[in-house]
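Protein chains in written order, with the working numbering: chain E, 556 to 881; chain H, -16 to 408.
No lab work stands behind these hints, which were simulated from the structure alone. Even for Gly, the Cβ is constructed at its ideal location relative to N, Cα and C. One thing to keep in mind: the hints can contain errors.
[As the list claims (entries may be wrong)] Here are some of the chain H residues that sit facing chain E, going by a computed Cβ distance under 7 Å:
(1) Val8
(2) Ile185
(3) Pro189
(4) Gly253
(5) Tyr255
(6) Leu303
[Said to hold, decoys possible] Negatives, chain E to chain H, calculated, CB over 10 Å:
(7) Arg644
(8) Thr649
(9) His664
(10) Leu667
(11) Gly669
(12) Asp684
(13) Glu688
(14) Arg722
(15) Arg725
(16) Gly744
(17) Tyr750
(18) Val751
(19) Pro819
(20) Asn821
(21) Glu834
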Amino acid sequence: MARKDLLDIASLHREEIEFLLDQSTSFKKLFTRSVKKIPALEGKSVLMLFYEASTRTHSSFEVAAKRLSAEVTNFDVAHSSITKGESVRETIETLQAMRTDYIVVRHGHPGLPGMIARQTTASVINAGDGAHEHPTQALLDAFTIKEKFPDPRGKKVLIIGDILHSRVARSTSTLLQKLGVEVAYLGPGSLVPKYVPASIRRFTDYEAAMAWTPDVVYLLRVQLERQDVQFFPSVREYHRVYGITNTRLAEISDLGLYIMHPGPVNRGVELCDAVMDYERSLITNQVENGISVRMAVLDWLTPGGDFPKQEAYAAQPRAGSKVILP
Amino acid sequence: MILLQNARIATENSPVLVESDVLIVEGIIQNIGTKLAIPEGGRVIDARGRVLMPGMFDAHVHFRAPGFENKETITTGSEAAINGGVTGVVMMPNTRPALDSATAVATVLENAKVRSRIPVYTSGCVTKNREGKELAEIEGMRGLGVKMLTDDGDTTADPAVLLRAMQYATEFGMFFASHCEVLELAGPRALNEGVMSYRLGIKGSPACAEEIIIDRDIRLAHAAGAHVHIQHVSSKLGMETIRWWKSRGDVKVTAEVMPHHLMFTDEHIGDYDTNYKMNPPLRTQADCDALLEGLIEGVFDIIATDHAPHTPFEKAQDFLSAPNGITGLDTALVSLYHHFVEPGKFGWDVVVKRYSAEPRRLMGLPVAAIEVGQKAECLLFDTEAETTFTKEFMKSKSQNTPFIDQTLKGRVDMVILGAEILLER
Ligand SMILES: [Zn+2]
């Protein structure tokens, strides 16, 4: 049995995750061929519904869909008038009438992709809902880590920054833990809530976190635009206390640690400029891997009606799948 | 003439039910005793096994009229009350226009007289249009019987404004009901700040946002010599704050707790179920346990529902967009029985005292006791039957309740007010 929607990481089973990561590997091999397109989703339509601007995720999904030969439509979201929930519901009715096969949705309100999924027969992919989840980001992060550590069990990932507002932190830490990776958080006390799950280690200063000997340091983007309230005194102080400064980069380099970041980077805030040339930076790998992971997700989901929500099942490639590549 | 035979009568003073016949003549309880003679031409009701108790009184309801009649009207709201065994209510004044003047209150009360089969009372605003700035026309509303002043839905943010209102209105024998919430801390007011808000990615409202105002408003009442009534308490520390102030004995403070805050936690929200979205939000099991303790101990003087109807369309939005509030009148009594009386957590006396007698005393009204010479205002409750809260069962215009389609133990079988049988199942 297949899944209709990808709304979160929390409800994914380990077997499903591993299946998706394996599929991503196959898709990535395709990139080195001269013809990068395969007909897996020929005749299918993918609708991009982005209520929040995101060039990176948007274009990554678009490329992924096109490489699977799907038809991609951008739904014109007038940012000014369509922020209210009622308008979203009207939009859903329109979408259902359009009989699109896949909807990739990003919205500032947590749970909204799930709401759309319940009201349409299309497969809905959550491309980020508020501070809730961003499952394809988590998958591409895990994929990127697995490229360096094929067996990631017991590896340690230190996530630094604004945990409170970060859907990336939620999804990625949940997924990594499902793969047996140890996760720790570090960030300003105002941005790392005390009630994060107990399975996640929490550090209050950088030195103590490094003494934990992480394998990967994952910097979150400081969402300066989101800070209606002041969570830390200044960007300068943030960089000094929680950022990767030149001194810290030297230390990280000596220890041979990998650096990740979901992008786009605020230079001089999370990371000093020199990180761009750091050889163990996986930031561009993440971007590249985003495409193959999203291809795997699109190929895996099965649009249609009457799907029992969030039901347990064994992961299987869907019947007639043409994309199991050598 | 109605003769209820072998009813088990519940009172506020004892958990023990006393079996008796009750004879009602021309709306007045004329006799209580065993084997009363069957009156000629009278109706005889075999109430064996069923509990007879005074009609409930809900001192915190939103009937949405005027201004939001698509959610509820005085008619549908009062029918929901009768459906749940409630024979009197106090409306909150957050209507449009807000009930902040004698004119507005008079209109509502006149309307209620025609459109409701039970007495409907209303509270009045503390400040004009509930804006927290200028005092409402308090004395004018008193002339129409308003006893309770509140900006419910919002805290009167400026403590100086509230203090002055308290000093002014206490002279007229009025009291204040406080919706306790520091807005700056409360965020989008969707759910409790904690493990669940983190998991769902929604900025939560911390319990301290409520507790700070509970303490602030009691302190203000203490300073002004006023009576303050703390509305819909949802947190353990909030309950303990009230308990502490009550133990001092030098300020008049009363408090209320809602059935939903006793029964549900933020965990019930699950996958963004907006039927659990309310303000103050559902908190944790530890809070529920403390509230129950506070109710049994008497820290909470009354139970009320905060009956807050919203249309299905509004509640069908995503969690952040959907409005706060659930309906409560149709479901309160049965759910209290199902969750607490039946499992033996407290007796019928607690229900009668906290949801019938004390709310009437709070409003300065006579208590609806089942005693000879009193006006008949009572209900028959079948403890063996069940109620399924289908859409059709509900009399409220809206069905935004976690109990929708649930089956609970207990059923309100009959509601009597004076010479009239308002409900019979
Ligand atoms: Zn309120």
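Okay, the hints, checked on the actual structure:
1. The interface hint given for Val8 of chain H is broken, as the beta carbon of that residue sits about 55 Å from the closest beta carbon of chain E, more than 7 Å.
2. The restraint placing Ile185 of chain H at the interface with chain E holds, with a minimum CB-CB distance near 5 Å, inside the 7 Å limit.
3. Because the smallest distance between the Cβ of Pro189 of chain H and any Cβ of chain E comes to about 10 Å, over 7 Å, the interface hint for this residue is violated.
4. Because the beta carbon of Gly253 of chain H sits about 10 Å from the nearest beta carbon in chain E, more than 7 Å, this interface hint is broken.
5. A hinted interface residue such as Tyr255 of chain H counts as satisfied when its beta carbon comes closer than 7 Å to some beta carbon of chain E; here the least separation is about 4 Å, so the hint holds.
6. Nearest Cβ of chain E to the Cβ of Leu303 of chain H: about 4 Å, under the 7 Å cut. The hint holds.
7. Not every C-beta of chain H lies more than 10 Å from that of Arg644 of chain E, the closest at about 7 Å, which undercuts listing it as non-interface.
8. At roughly 16 Å from the closest C-beta of chain H, the C-beta of Thr649 of chain E stays outside 10 Å, upholding its exclusion from the interface.
9. Non-interface call for His664 of chain E relative to chain H: violated, since the shortest CB-CB distance, roughly 4 Å, does not exceed 10 Å.
10. Against chain H, the non-interface label of Leu667 of chain E is violated: not every CB pair exceeds 10 Å, the least being about 4 Å.
11. Chain H draws Gly669 of chain E into its interface by the beta-carbon criterion, the shortest separation being 6 Å against a cut-off of 10 Å.
12. For Asp684 of chain E, the requirement that its beta carbon stay farther than 10 Å from each beta carbon of chain H is not met, with the minimum near 7 Å.
13. Not every beta carbon of chain H lies more than 10 Å from that of Glu688 of chain E, the smallest distance being close to 7 Å; the non-interface claim is violated.
14. For Arg722 of chain E, the requirement that its beta carbon stay farther than 10 Å from each beta carbon of chain H is not met, with the minimum near 6 Å.
15. Listed as outside the interface, Arg725 of chain E is inconsistent with that label: its C-beta sits roughly 7 Å from the nearest C-beta of chain H, within the 10 Å cut-off.
16. Taking the minimum C-beta to C-beta distance to chain H, about 15 Å, the non-interface status of Gly744 of chain E holds against the 10 Å cut.
17. In this structure Tyr750 of chain E is not separated from chain H by more than 10 Å, as the shortest Cβ-Cβ distance comes to only about 5 Å.
18. Listed as outside the interface, Val751 of chain E is inconsistent with that label: its C-beta sits roughly 6 Å from the nearest C-beta of chain H, within the 10 Å cut-off.
19. Even its closest Cβ contact with chain H, about 21 Å, leaves Pro819 of chain E beyond 10 Å, as expected for a residue assigned away from the interface.
20. The beta carbon of Asn821 of chain E is kept farther than 10 Å from every beta carbon of chain H, the shortest such distance being approximately 21 Å.
21. In this structure Glu834 of chain E is separated from chain H by more than 10 Å, as the shortest Cβ-Cβ distance comes to about 35 Å.
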